[in-house]
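Participant: If you want the building blocks of each chain, they are given just below.
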Amino acid sequence: MTLRVARDGAGAGAAPASAGAGEPEYVALAGVTKTYRRDGRETHALDAIDLSIRAGEFLAIVGPSGCGKSTLLRIVAGLHLGTSGETRVAGRIVDRPQTDLGIVFQSPVLLAWRTAIDNVLVQVELRGHDPRAYRDRAQKLLEQVGLGDFADRFPHELSGGMRQRVAIARALIHDAPLLLMDEPFGALDALTREQMRLDLEALWLATRKTVLFITHSIDEAVLLADRVVVMSPRPGRVERVFTPGLPRPRGLEARRAREFVDTTEAITDIFLARGVLHGAGRAGGAT
Amino acid sequence: MTHASRAAAILAWLRRRGGALAIFALLIVVWEVGVRATGIKEYLLPPPSTVWTEFWKRHEIVAGGAWVTTQEILAGYALAIVVSIPLALAIAYSRFMEQAVYPVIVFLQIVPKIAIAPLFIIWFGFGFTPKLLLVFLLSFFPIVVSSIAGFKSADRDVMDFARTTGAGALKLFLKIRLPQALPQIFTGLKVGAALAATAAVVAEFVASDKGLGYLLLQYNGQLDTPMVFATIVILSLIGVMVYYAVEIVERIAIPWHVSQHESAQDATM
Numbered sequence: 039m040t041l042r043v044a045r046d047g048a049g050a051g052a053a054p055a056s057a058g059a060g061e062p063e064y065v066a067l068a069g070v071t072k073t074y075r076r077d078g079r080e081t082h083a084l085d086a087i088d089l090s091i092r093a094g095e096f097l098a099i100v101g102p103s104g105c106g107k108s109t110l111l112r113i114v115a116g117l118h119l120g121t122s123g124e125t126r127v128a129g130r131i132v133d134r135p136q137t138d139l140g141i142v143f144q145s146p147v148l149l150a151w152r153t154a155i156d157n158v159l160v161q162v163e164l165r166g167h168d169p170r171a172y173r174d175r176a177q178k179l180l181e182q183v184g185l186g187d188f189a190d191r192f193p194h195e196l197s198g199g200m201r202q203r204v205a206i207a208r209a210l211i212h213d214a215p216l217l218l219m220d221e222p223f224g225a226l227d228a229l230t231r232e233q234m235r236l237d238l239e240a241l242w243l244a245t246r247k248t249v250l251f252i253t254h255s256i257d258e259a260v261l262l263a264d265r266v267v268v269m270s271p272r273p274g275r276v277e278r279v280f281t282p283g284l285p286r287p288r289g290l291e292a293r294r295a296r297e298f299v300d301t302t303e304a305i306t307d308i309f310l311a312r313g314v315l316h317g318a319g320r321a322g323g324a325t
Numbered sequence: 030m031t032h033a034s035r036a037a038a039i040l041a042w043l044r045r046r047g048g049a050l051a052i053f054a055l056l057i058v059v060w061e062v063g064v065r066a067t068g069i070k071e072y073l074l075p076p077p078s079t080v081w082t083e084f085w086k087r088h089e090i091v092a093g094g095a096w097v098t099t100q101e102i103l104a105g106y107a108l109a110i111v112v113s114i115p116l117a118l119a120i121a122y123s124r125f126m127e128q129a130v131y132p133v134i135v136f137l138q139i140v141p142k143i144a145i146a147p148l149f150i151i152w153f154g155f156g157f158t159p160k161l162l163l164v165f166l167l168s169f170f171p172i173v174v175s176s177i178a179g180f181k182s183a184d185r186d187v188m189d190f191a192r193t194t195g196a197g198a199l200k201l202f203l204k205i206r207l208p209q210a211l212p213q214i215f216t217g218l219k220v221g222a223a224l225a226a227t228a229a230v231v232a233e234f235v236a237s238d239k240g241l242g243y244l245l246l247q248y249n250g251q252l253d254t255p256m257v258f259a260t261i262v263i264l265s266l267i268g269v270m271v272y273y274a275v276e277i278v279e280r281i282a283i284p285w286h287v288s289q290h291e292s293a294q295d296a297t298m
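Going line by line, the protein sequences match chains Y and E. Residue numbering for the first sequence follows our numbering, beginning at 39 and increasing consecutively. Residue numbering for the second sequence follows our numbering, beginning at 30 and increasing consecutively.
Derived from the structure by calculation, the hints contain no laboratory data. Treat the hints with care, as some may be off.
Claimed, not checked - Pairwise CB distance ranges (calculated): (1) Y:Pro287 to E:His32: 30 to 40 Å; (2) Y:Thr121 to E:Ala178: 49 to 59 Å; (3) Y:Ser103 to E:Gln138: 35 to 45 Å; (4) E:Ile277 to Y:Asp227: 32 to 42 Å; (5) E:Val130 to Y:Thr121: 27 to 37 Å.
Using N, Cα and C, we set each Cβ at its ideal position, and we do this for glycine too.
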């Protein structure tokens, strides 16, 4: 995959939510809506989402709490079904839980009775493979996420960031082409978060998986993703799509790049206009 | 193991348990000295030394009673385990069972079970059966209620992750739901174990011609207070032994949970 450059000179450019013609779409949502019915009242969680993710692309969705971005991820995974519209992964319609993917949640959801390496291996065990055949690979993955010396530790002996690293290794062990991450760093402190961001990018550059990354952090989305989808508050709609053309790897310096500053400001302005953020601290219309 | 490290281990154990042991010893000394100094009548409060000498004179009778009561406790407790865990499974996994059976269990739990003991005598006579049933009844509820909670405790995200692996229901149960439920099942088992001894004694109070509950009433009637104390001590020991047996099984079955517990305690100290 080549580095993408922003289309207009100003830096952050708006791009369509669907991938350009000719590039293979790995995930494709067409007119997906989700309506919950509870106590006779309907809640529109998602409103006609058209979105696609190219193979090997890192796509981030940023939006306020309750905008349905987690629901969207679960629809891609087949854990929820949309009320209408069509979701396809690798060309096939999603109508049941998908197995050809790795998934990471905000909480690491490790099994307390298994060591770090056995938590990574539970992925292949549940899939009916012999975990012994994957042990070396699991150890290598743990080393890649910086936990080489912690393979035999139990979750309660690990810090929050380390647990989330185990969860990421668990999502990668079976080498599925798609990685779904639902606010994976949401529960971590700011410093750990920054380190995880750097490490995740390195991991992604090494594996080039198709990634759907849900976050409520504008910075995180812009620093990690090839395309950033901004969602509006409920009912969730695709508000705008940005293509931060920052060169990779985007180390700590990326935060000082003009492109980063412009894009995050543009997204912040959208949230200001939508009433997600409000305050006198910032004057609107920075770009 | 070197001599020094063994000494260190004993010291560490003493540091942990030493305080409780010292207070226990102190209580006995205060009791002994206090009774002798104030001249309280023996039938009101016998000194520990008298309890011991009286017990030793008749320890064979007490041992016989203890054996009877222990059998009642173990049989009733075992029956409670065998019935309540499968029932909890059924309630946790079947919507019908949850809607039909669970409310009944919750309601029955409110009934003071000990009040049923006299009925058991009418129905089942004076033998082993009513004791077994009362022990069963008292230890059944905590085990079934916490097992249901355990089986239902699986986190939504854990189950969502598991669904993306395509694993079947049996595999999910064995690899995730059962281990996840074990800590709560053991909590119920320990509460049940503590109640089992109480239940056996109450059942013997109501009607019996043997067992520690029977002996207790006999000694009480004769104002043989030292023997009343001795019987209570033996009863407590049986209860403690059943409880610790469960705890040992727990340590073997779910060492990860026990050590998690202990490290959490260390962290707060």
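Participant: Are any of the numbered hints broken by this structure? If so, which, sorted upward?
Facilitator: 1 and 2
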